[in-house]
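Line by line, the protein sequences give chains C and P.
If you use this note's numbering, the first sequence corresponds to residues 1 to 347, in order.
If you use this note's numbering, the second sequence corresponds to residues 1 to 324, in order.
Be aware that one or more of the hints could be misleading.
DSS-like, lysine-lysine: derived pairs with alpha carbons at most 27 Å apart [said to hold, decoys possible]: (1) C:K316 <-> C:K290; (2) C:K226 <-> C:K49; (3) P:K285 <-> P:K241; (4) C:K45 <-> C:K237; (5) P:K241 <-> C:K338; (6) C:K316 <-> C:K49; (7) C:K82 <-> P:K20; (8) P:K302 <-> P:K313; (9) P:K283 <-> P:K195; (10) P:K241 <-> P:K251; (11) P:K20 <-> C:K131; (12) C:K131 <-> C:K322; (13) P:K198 <-> P:K251; (14) P:K278 <-> C:K338; (15) C:K226 <-> P:K48.
Just so you know, these hints were derived from the structure itself, not from any lab.
The structure displayed is predicted, hence computed values, not measured ones.
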Amino acid sequence: MNEEYSSKSLGILSDPTACREPINLKNQSRESLISNLELLVLIRKAEEKIADNVENGRIKCPCHLAIGQEAPAIGIAAHIQKGDAVFGAHRSHAHYLALGGDLRELFAEILGKETGCSKGMGGSMHLRSLKNQLYGTVPIVGATIPIATGAALAHKLDGNDSIAVSFLGDGAVEEGVLHESLNLASTMNLPVIYVVENNLFASHLHIGLRQPNDSTCRFAEAHNIKWSRIDGNDTVKLIETTGTAINCARSNGGPHFIEAVTYRWRGHVGHREDNDVGVKRSDDLEGWKKRDPIDRLARALFDDGAYTQNELDTAKLEIDRKIEAAWQQAEEDRYPLKGELFRRVYA
Amino acid sequence: MTNYGSAIREGFSYLLNNYKEVFTIGQGLWSPWYVGNTMTDLDKEFGKDRVIDTPVSELATTGAALGAALCGKRPIVIHPRVDFGLLAVDQIVNQAAKWAHMFGGDIPLPLVVRMIVNRGGEQGAQHSQSLHSWFAHIPGLRVVIPSTPTDARDLLIAASLGNNPVVYMDDRWLYDLEEDLPPIQVNSLDDECPKIVKPGSDLTIVGCGFTTRLSINAADQLSKLGIESEIIDLRVINPLKCETIIESVSKTGRLVVVDGDWENCGIAGEVIAQVTTKIELGKLKANPARITLPSAPAPTSKVLEEIYYISDKAIVDRVIDMMK
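Start from the sequences and build out the full structure, keeping to the hints where you can.
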């Protein structure tokens with residue numbers, strides 16, 4: 001088995017000088033790719049708005065930004081149907097927005113307002129949007145891996161074709177519960193998709209300082225779970241790969257493990273780039289910015305003739321306007337009433 | 001007559017028969033080794049897809065039960081010893097207990113975590129813990145400890161049919177206790193609270209689970225000495241409702257709490273605090289007392305076990321001392 005296909009090594013996928021060219025659009029519908037591009041831009045700009053307000057002190061709640069690694073969320077969201085259950089972690093603004101979560105409710109949640117997606121009770125790290133199949137995101141690393149596995153168990157017991165998705169990072173594979181959950185999912189043939197957004201860092205530590213191998217697919221292989229490793233900044237490959245995995249799980253094909261190799265541009269938490277922490281970060285960040293998932297999809301669509309820079313500029317103006325309006329509304333929204341502290345402790 | 005262990009099985013049988021969304025998952029469910037007579041042949045009666053024996057993975061199993069509860073199921077996850085259930089604490093304390101609150105939703109989370117207290121028999125430090133006070137510390141968790149066969153059955157049913165995460169702890173030392181079971185009563189855990197199981201006028205003894213049994217045994221001996229104890233069984237220790245106890249102590253003036261867990265930060269201290277901070281001044285005739293496990297891990301040697309576990313004699317002696 002050569003390195004390219006080994007479950008242990010990321011090969012060129014972790015190389016910041018590789019994979020900079022416009023992506024291959026293949027036979028994906030141009031119309032849907034354009035809307036996905038605009039969604040990527042919306043997520044990027046919404047998180048930049050959040051970053052600005054972390055910096056100016058309006059946001060106090062810890063925010064873990066996905067700027068630079070937005071694409072895997074788009075890949076999964078493209079295939080989510082009513083009845084599915086998606087779970088995230090601490091860095092889940094992108095998951096929430098990609099699935100169709102409301103912008104004002106996200107901002108309001110981060111500001112602790114009663115109009116927030118979790119009624120202002122959760123903040124940035126506890127997002128939920130049931131109508132968009134997002135069942136919950138939590139910051140205890142690895143905690144939603146078994147929960148998603150159990151959602152898949154419920155679907156299997158019901159005998160329907162719904163699936164569950166667990167978004168996790170390369171740090172979460174270091175938690176023992178990943179091993180327990182993969183074993184359970186494999187043994188019980190559960191319809192669950194594990195999506196590792198491998199951004200090479202857990203907080204400040206590079207994966208090279210935390211694990212003997214940089215590809216997390218080896219854990220799937222150890223549990224007889226089908227795995228795919230892809231460029232996590234290639235939206236088309238993500239849509240294709242997740243589509244195949246999800247369709248297979250829907251028809252009783254069991255779990256699938258997807259490793260999307262990507263990079264976050266900001267630090268673990270907060271607005272700063274934090275390029276002074278962790279081995280390689282200072283050297284690599286500029287390179288990874290040239291692997292921008294938005295830029296590579298946009299250039300491919302321009303080259304293809306399906307979309308123009310002018311159209312993108314117009315879309316960006318509209319997105320800016322939407323974000324500004326949502327932010328203004330969220331700022332004006334009310335805080336929760338004091339009785340909310342006790343209202344949901346016991347149902 | 002039905003014993004406590006069989007009564008638990010009746011609870012499961014009722015739930016699995018009447019509620020298709022109920023399933024149970026945990027280690028050893030297909031083996032009498034782990035769960036005694038509490039689940040005998042349930043897998044044969046209701047199918048191995050609803051009575052699921054699992055890999056040795058307490059944390060993932062509990063998390064999976066939580067995930068299934070979020071998708072409309074009413075799972076009962078089983079840890080045959082509390083000690084092993086501790087491997088699942090993140091899912092119980094960080095996730096289940098807080099889920100509805102931190103997501104600001106009216107989110108039903110009908111998850112029961114059944115943990116079995118299984119001590120004595122030279123099993124030692126890691127097969128003998130109870131730790132109910134730990135779980136009772138957590139807002140959002142209901143903690144239920146049945147001391148009778150009827151409660152063992154009906155509190156399990158109430159736990160599973162409610163909409164909150166519940167820690168349900170049954171006790172192996174009670175499995176042979178027999179009772180004529182009344183017809184099943186489906187109650188809300190909201191309405192369940194400590195109960196007077198034996199009326200008396202001289203002092204109030206509070207117990208939970210096995211220590212309620214011990215207290216009843218002690219009360220029989222005390223009765224022969226002319227001391228009439230009122231025994232209160234806690235039953236639900238979170239949320240803790242102490243009105244019945246305060247009323248009783250207001251009448252008797254004396255309080256002994258017996259708890260099969262450690263003293264520091266334990267439920268015995270909490271009951272005494274609730275009573276002494278709320279009772280009318282001057283009603284107490286003696287300082288309240290608590291009888292708990294000594295502050296040491298459980299020993300294995302039977303000689304040490306004899307001084308470690310609470311006996312009815314210890315309760316009798318303490319009460320006689322208090323009545324002087």
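Run through the hints listed earlier and report the numbers of any the structure violates, in increasing order. 2
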